[in-house]
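Place chain B on chain A using the hints.
Take a look at the letters that make up each chain.
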Amino acid sequence: MNDNLLITVEHLSRHYGPIQAVSAVDFELKRGEVLGFLGPNGAGKSTTMQMITGNLAPSAGKVTICGVDLLDDPKTAKAEIGYLPEQPPVYRDFTVDEYLNFCARINRIAKDKIAGAVDQAKQRCGLTDVSRRLIANLSKGFQQRVGIAQAIIHSPAIVVLDEPTVGLDPIQIREIRSLIRELSSEHGVILSTHILPEVQMTCDRVQIINKGKLVFSDNIENLDQRMRATTLLLELRTPPAEDVLQKLPGIHQCDALGDNRFRLYHTDEQNPAEQIAEQAVKQGWGLLALSPERKSLEQVFVEITSSEQSSHAEGQAA
Amino acid sequence: MMILTLAQREIRSLFYSPLAWAILGVTQLILAYLFLAQLQEYIRLQPQLKMMATAPGITDVVILPIYSSAAFIMMMVVPMLTMRLVSDERRNKTLALLFSAPISMTEIIVGKFLGVVAFILIMVLMMSLMPLSLMSAATLDFGLLIAVIIGLVLMIAAFISVGLYMSTLTIQPTVAAVSTFGILLLLWIVDWAGSKVVDENASGALSYLSILRHFEPFGKGIFNTSDLMYYLLFITTFLVLSIRRLDADRLQG
Chain A
1 MNDNLLITVE
11 HLSRHYGPIQ
21 AVSAVDFELK
31 RGEVLGFLGP
41 NGAGKSTTMQ
51 MITGNLAPSA
61 GKVTICGVDL
71 LDDPKTAKAE
81 IGYLPEQPPV
91 YRDFTVDEYL
101 NFCARINRIA
111 KDKIAGAVDQ
121 AKQRCGLTDV
131 SRRLIANLSK
141 GFQQRVGIAQ
151 AIIHSPAIVV
161 LDEPTVGLDP
171 IQIREIRSLI
181 RELSSEHGVI
191 LSTHILPEVQ
201 MTCDRVQIIN
211 KGKLVFSDNI
221 ENLDQRMRAT
231 TLLLELRTPP
241 AEDVLQKLPG
251 IHQCDALGDN
261 RFRLYHTDEQ
271 NPAEQIAEQA
281 VKQGWGLLAL
291 SPERKSLEQV
301 FVEITSSEQS
311 SHAEGQAA
Chain B
1 MMILTLAQRE
11 IRSLFYSPLA
21 WAILGVTQLI
31 LAYLFLAQLQ
41 EYIRLQPQLK
51 MMATAPGITD
61 VVILPIYSSA
71 AFIMMMVVPM
81 LTMRLVSDER
91 RNKTLALLFS
101 APISMTEIIV
111 GKFLGVVAFI
121 LIMVLMMSLM
131 PLSLMSAATL
141 DFGLLIAVII
151 GLVLMIAAFI
161 SVGLYMSTLT
171 IQPTVAAVST
181 FGILLLLWIV
191 DWAGSKVVDE
201 NASGALSYLS
211 ILRHFEPFGK
221 GIFNTSDLMY
231 YLLFITTFLV
241 LSIRRLDADR
251 LQG
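Protein chains in written order, with my numbering: chain A, 1 to 318; chain B, 1 to 253.
Since the hints were made in silico from the structure, they are not lab data.
Some hints could be false.
Subject to a maximum C-alpha distance of 20 angstroms in a straight line, what follows is the list of computed SDA-like cross-link-like pairs (lysine to any residue) [unchecked claim]:
#1 A:Lys75 with B:Val124
#2 A:Lys75 with B:Leu251
#3 A:Lys75 with B:Arg244
#4 A:Lys62 with B:Asp247
#5 B:Lys93 with A:Ile135
#6 A:Lys111 with B:Gln8
#7 A:Lys75 with B:Thr5
#8 A:Lys75 with B:Asp249
#9 A:Lys75 with B:Met1
#10 A:Lys75 with B:Ile3
#11 B:Lys93 with B:Gln172
#12 A:Lys295 with A:Ala256
#13 B:Lys93 with A:Arg92
#14 B:Lys93 with A:Asp93
#15 B:Lys93 with A:Val166
#16 A:Lys75 with B:Ile243
#17 A:Lys62 with B:Pro217
#18 A:Lys62 with B:Met1
#19 A:Lys211 with A:Leu236
#20 A:Lys247 with A:His194
#21 B:Lys93 with A:Ile304
#22 A:Lys75 with B:Asp247
#23 A:Lys111 with B:Asp249
#24 A:Lys113 with B:Met1
#25 A:Lys111 with B:Ile3
#26 B:Lys93 with A:Gln279
#27 B:Lys93 with B:Lys220
#28 A:Lys282 with A:Leu236
#29 A:Lys211 with A:His15
#30 A:Lys282 with A:Leu233
#31 B:Lys220 with B:Val124
Just chain A, with the same shape it has in the complex (with noise of 0.2 angstroms):
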């Protein structure tokens, strides 16, 4: 068995009656590392998390939490296991102090180690100057992080956050983030968002589920990959007659934006901006800028997902 290796989900299915929520899902999470899990709405990330925490039985397939089979030996798994649900699992009478005592008892933390776990988590997520409040008086934000300790306070191998931005302000996303990247030093981090960037931020490895279906899953770098374009854009200042441009080696089209921006197509093996910026000096253009454009996230998304969905038609149609 492998050390690094924390979660091994085989062929993990679930169905609500006639609904297919998730299926066939596989992938696995070694230590160190921040998987980020992407999707629409009703994509089936949250059944996907409240499966391998143990809240969901599967209908069908294999959850392995550090080499133990969560559904054969569920204590054990779930000793590993932190888990922060979509909204946070909160006592509101309770104070955080209390709160946090009493997951951290529940998590069979040893006595004399629960005080020092408590201050730990406090101080992670930042509650200190608020343990002694009601956690039905604090804000959303802080509802959230109150979460978080929760998730995070018997340091399991594991940490699974289901959207730990959502109703955050700016300051608190981005204190939350580097939280994330923080934890994974130590822990394996499984994230569910539906906002790009966050993913771009956090996240060693993407996953994209769509429709109960893992449609991507690769490392953030070859997504990076995915995202450039096969555009540029250029700016002249007197600009040549747009066929001349079109014209160009390595561009078989040419948009033109207005106010002297144009557009440039080209294939996707070769970038020609050099030769352009060489033309545009020798003819005399007045070259005011040449970028390559980014594809959004965004973009990407929906190119996945969509050429998904028009495969699957036609798989249907044949």
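Quick look at chain B alone, frame taken from chain A:
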């Protein structure tokens, strides 16, 4: 160990809501009034009791009626104590905390059950202070007193197990409370119909079901294992049903 942690949290939650305090206060007030009325009755009857050869003692005349009344009051109080046990956690989505912690469904249910049992033990203790205050002036029949306390606690524990089960069935605390009260009342009065049924087997079965019938012997100072078993079976049945229902949350989602 884990069960005690969960039970402790349950008591804490109860005392953090004004409901528990209100229930403690109101119940105590009503029972105190009954106690005083009963005491006055005893003082009025005392000259006649002196004439009788085997006169009932103060325990029979003053104390037992208090416990019978307490049993009836509890039938209305317990649904309010148990209604939020699971339904509230389901509504606030805090069940996920328990489900993802390394604890079993059995521990969760038994913990919650014992939490409320501990609360009603406090209630029974407080109401028992009233009869005990008579100790300075009279001799009490402690055997009888202890039997009736055991009987009362067993019966209330049975009430709680029903309430807990009802709470696992719904997301609305009030629905849980109303249905618990309905079932308890039905179990309380089920032998009224039994007494009118001519067929003796049928009436026997109905009166065996009656939750009250098994409490009465305790009030006579009879500690019968068959009554004890009735309550233990009753409680176990509803706890097992609750565990299964909670597990179904995980299975069906």
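Output the numbers, in ascending order, of every earlier hint that fails for this structure. 1, 17, 18, 19, 20, 21, 23, 26, 27
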